[in-house]
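In our numbering, the protein residues as written are 4 to 303.
Simulated from the structure, these hints should not be mistaken for laboratory data. Just so it is clear, the structure is predicted and the values come from calculations on it, not from any experiment. We put the beta carbon where it would ideally sit given N, CA and C, even for glycine. Hints are supplied without guarantee of correctness; some may be wrong.
Simulated pairs of lysine to aspartate or glutamate, DMTMM-like, Cα-Cα distance not exceeding 25 Å [to be verified]: (1) Lys161 x Glu130; (2) Lys222 x Glu264; (3) Lys302 x Glu264; (4) Lys280 x Glu22; (5) Lys261 x Glu87; (6) Lys38 x Glu81; (7) Lys5 x Asp68; (8) Lys224 x Glu22; (9) Lys42 x Asp212; (10) Lys108 x Glu87; (11) Lys222 x Glu266; (12) Lys159 x Asp68; (13) Lys157 x Glu87; (14) Lys56 x Glu130; (15) Lys267 x Asp68; (16) Lys152 x Asp68; (17) Lys251 x Glu264; (18) Lys65 x Glu22; (19) Lys277 x Glu295; (20) Lys278 x Glu295; (21) Lys256 x Glu87; (22) Lys224 x Glu264; (23) Lys278 x Glu81; (24) Lys302 x Glu36; (25) Lys222 x Asp68; (26) Lys88 x Glu22; (27) Lys283 x Asp149; (28) Lys267 x Glu148; (29) Lys102 x Glu87; (30) Lys282 x Glu266.
Per label pair, the in silico range of CB-to-CB distance [to be verified]: (31) Phe285 x Ile194: 32 to 38 Å; (32) Ser273 x Asn301: 33 to 39 Å; (33) Arg252 x Lys56: 44 to 50 Å; (34) Lys251 x Gln291: 27 to 33 Å.
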Amino acid sequence: MKIAILGGLGFIGTNLYKELSRSNKVIILDNFEIKNNLKYHKNLRIYKSDILKLNTIIKHTKNIDIIINLAAQTGVLESNLLPEKSINLNILGTLNVLKACKVNKIKHFINASTAGAIYGNTNFANENSPSKPLSFYGLTKKFSEDQIKIFLNKSKIKNTNLRFSNVYGPYSFHKTSLIHNSIKNSIKNKIQFIFGNGAQTRDFIYVKDLVKIISIICKKKLSGTFNIASGKSHNVNYILKIISKKNKRFSFKKIARKSGEVEKIKLNNSKLLKKLKLKKSFFTNLDQGIIETYQWYNKS
4 MKIAILGGLG
14 FIGTNLYKEL
24 SRSNKVIILD
34 NFEIKNNLKY
44 HKNLRIYKSD
54 ILKLNTIIKH
64 TKNIDIIINL
74 AAQTGVLESN
84 LLPEKSINLN
94 ILGTLNVLKA
104 CKVNKIKHFI
114 NASTAGAIYG
124 NTNFANENSP
134 SKPLSFYGLT
144 KKFSEDQIKI
154 FLNKSKIKNT
164 NLRFSNVYGP
174 YSFHKTSLIH
184 NSIKNSIKNK
194 IQFIFGNGAQ
204 TRDFIYVKDL
214 VKIISIICKK
224 KLSGTFNIAS
234 GKSHNVNYIL
244 KIISKKNKRF
254 SFKKIARKSG
264 EVEKIKLNNS
274 KLLKKLKLKK
284 SFFTNLDQGI
294 IETYQWYNKS
């Protein structure tokens with residue numbers, strides 16, 4: 004298959020390229036805002052492209068079977084500070100990609116969405132749970148899913164929405180999420196600031212598991228909306244404990260929680276397991292995944 008990854012130089016994009024390029028012809032479209040991961044690619048076919056510029060997307064996605072859109076504004080706190088950026092990239096940018104899909108008669112459009120930011124605080128959310136976003140990020144991602152459904156209505160283009168939980172793993176130097184920041188600060192012996200008391204819970208999924216899931220979805224040509232999650236939730240204090248075992252000098256300080264952040268989230272991944280015929284044991288243990296990520300940072 005011929006696959007184009009938009010935002011392919013990012014954290015997930017780099018891991019995904021390595022997974023998919025083993026058995027597919029893969030190109031990357033990226034605006035080059037993140038250049039650190041360029042050194043990890045070999046025989047890379049990459050084109051400078053911005054999802055806000057329709058003509059460049061159309062130009063570089065001709066004769067492509069699948070478009071995977073990872074290009075987006077992804078930060079909860081940043082989205083509330085700069086809502087215009089979220090609206091432009093996550094809504095108008097996605098609309099441009101959809102237009103390119105129709106022009107170039109793409110067979111399958113895979114959209115990277117979000118779980119926690121769409122559902123809000125919830126005990127056990129499945130794909131049919133009501134959306135209660137607490138940030139512009141979650142709001143724009145839900146709107147994006149809805150506009151995809153309307154835009155592709157009655158077309159022959161398959162669509163898959165991937166509602167990611169909290170993703171962690173290698174090739175993430177530029178990321179500022181909990182696990183990545185904690186590992187980087189631990190290695191540098193800097194204080195890690197924690198928003199809240201550490202009791203807030205998240206579903207964490209190892210990026211190596213996530214890209215395998217996307218690869219299966221591409222092969223099976225599955226459409227629909229899926230929670231891409233491990234199905235297990237852990238609190239922030241547990242994450243800090245794992246990293247503290249790795250480095251006993253690791254220090255952190257708890258400060259006031261930021262508005263817009265989800266307090267507790269637990270995700271139901273039963274639809275994903277059923278459709279992809281996966282077992283619960285498929286997912287990497289959180290302790291193991293964090294240790295592997297820590298080791299990658301130490302070597303890089």
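Hint by hint, here is what the structure shows:
1. Note on lysine 161 and glutamate 130: the hinted pairing holds, with a Cα-Cα distance of about 18 Å set against a maximum of 25 Å.
2. Between lysine 222 and glutamate 264, the direct Cα distance comes to roughly 35 Å. Violation of the 25 Å bound is thereby established for this hinted pair.
3. Proposed proximity of lysine 302 and glutamate 264 is contradicted: the alpha carbons are some 32 Å apart, above 25 Å.
4. Note on lysine 280 and glutamate 22: the hinted pairing holds, with a Cα-Cα distance of about 19 Å set against a maximum of 25 Å.
5. With a C-alpha separation of about 20 Å, the suggested pair lysine 261 and glutamate 87 falls inside the 25 Å cut-off, and the hint holds.
6. Between lysine 38 and glutamate 81 the CA atoms are separated by roughly 21 Å; this keeps the pair inside 25 Å, and the hint holds.
7. A hinted pair counts as satisfied when its Cα atoms are at most 25 Å apart, and lysine 5 with aspartate 68 qualifies at roughly 5 Å.
8. A hinted pair counts as satisfied when its Cα atoms are at most 25 Å apart, and lysine 224 with glutamate 22 qualifies at roughly 17 Å.
9. Proposed proximity of lysine 42 and aspartate 212 is supported: the alpha carbons are some 23 Å apart, at most 25 Å.
10. Annotation: proposed proximity of lysine 108 to glutamate 87 is violated, straight-line Cα distance about 30 Å (limit 25 Å).
11. For a cut-off of 25 Å, the pair hint linking lysine 222 to glutamate 266 is broken: about 36 Å separates their Cα positions.
12. In summary, the hint linking lysine 159 to aspartate 68 is supported, as the alpha carbons are separated by about 12 Å, within the 25 Å threshold.
13. The suggested pairing of lysine 157 with glutamate 87 is violated, with an alpha-carbon distance near 31 Å, which exceeds 25 Å.
14. For the given pair, lysine 56 sits about 31 Å from glutamate 130 by alpha-carbon distance, which is inconsistent with the 25 Å threshold.
15. Distance restraint check for lysine 267 and aspartate 68: the Cα-Cα separation of roughly 38 Å exceeds the 25 Å cut-off, and the hinted pair is therefore not satisfied.
16. Taking the CA atoms of lysine 152 and aspartate 68, the gap is about 19 Å. The hint holds against a cut of 25 Å.
17. A C-alpha spacing of about 29 Å is found between lysine 251 and glutamate 264, which places the hinted pair above 25 Å, so the restraint is violated.
18. At most 25 Å may separate the alpha-carbon atoms for a hinted pair to count; lysine 65 and glutamate 22 meet this at roughly 22 Å.
19. Taken as a hint, the lysine 277 and glutamate 295 pair is broken in the structure, with Cα atoms around 28 Å apart against an allowance of 25 Å.
20. Taking the CA atoms of lysine 278 and glutamate 295, the gap is about 28 Å. The hint is violated against a cut of 25 Å.
21. Of the supplied pair hints, the one linking lysine 256 and glutamate 87 is violated, its CA atoms being roughly 32 Å apart against a limit of 25 Å.
22. Restraint check for lysine 224 and glutamate 264: the C-alpha separation of about 34 Å exceeds 25 Å, so the hint is violated.
23. At roughly 34 Å between alpha-carbon atoms, lysine 278 and glutamate 81 are farther apart than 25 Å, so this suggested pair is violated.
24. Pair hint lysine 302 plus glutamate 36 holds up; C-alpha atoms about 24 Å apart against a cutoff of 25 Å.
25. Our distance criterion of 25 Å between C-alpha atoms is met by lysine 222 and aspartate 68, whose separation comes to about 11 Å.
26. Restraint check for lysine 88 and glutamate 22: not satisfied, since their Cα atoms lie roughly 30 Å apart, outside the 25 Å limit.
27. For the proposed pair lysine 283 and aspartate 149, the alpha carbon gap of about 30 Å is over 25 Å, so the pair is violated.
28. Between the alpha carbons of lysine 267 and glutamate 148 the distance comes to roughly 23 Å, so the proposed pair stays at or under 25 Å and holds.
29. With a C-alpha separation of about 21 Å, the suggested pair lysine 102 and glutamate 87 falls inside the 25 Å cut-off, and the hint holds.
30. At most 25 Å may separate the alpha-carbon atoms for a hinted pair to count; lysine 282 and glutamate 266 exceed this at roughly 28 Å.
31. In this structure the hint that phenylalanine 285 and isoleucine 194 lie 32 to 38 Å apart at CB holds, the actual value being about 36 Å.
32. Checking the proposed 33 to 39 Å range against serine 273 and asparagine 301 shows it holds: the Cβ atoms sit about 36 Å from each other.
33. Separated by about 47 Å at the C-beta atoms, arginine 252 and lysine 56 satisfy the suggested range of 44 to 50 Å.
34. For the pair lysine 251 and glutamine 291, the beta carbons lie near 20 Å from each other, so the given range of 27 to 33 Å is not met.
When each numbered hint is compared with the structure, violations occur for hints 2, 3, 10, 11, 13, 14, 15, 17, 19, 20, 21, 22, 23, 26, 27, 30, 34.
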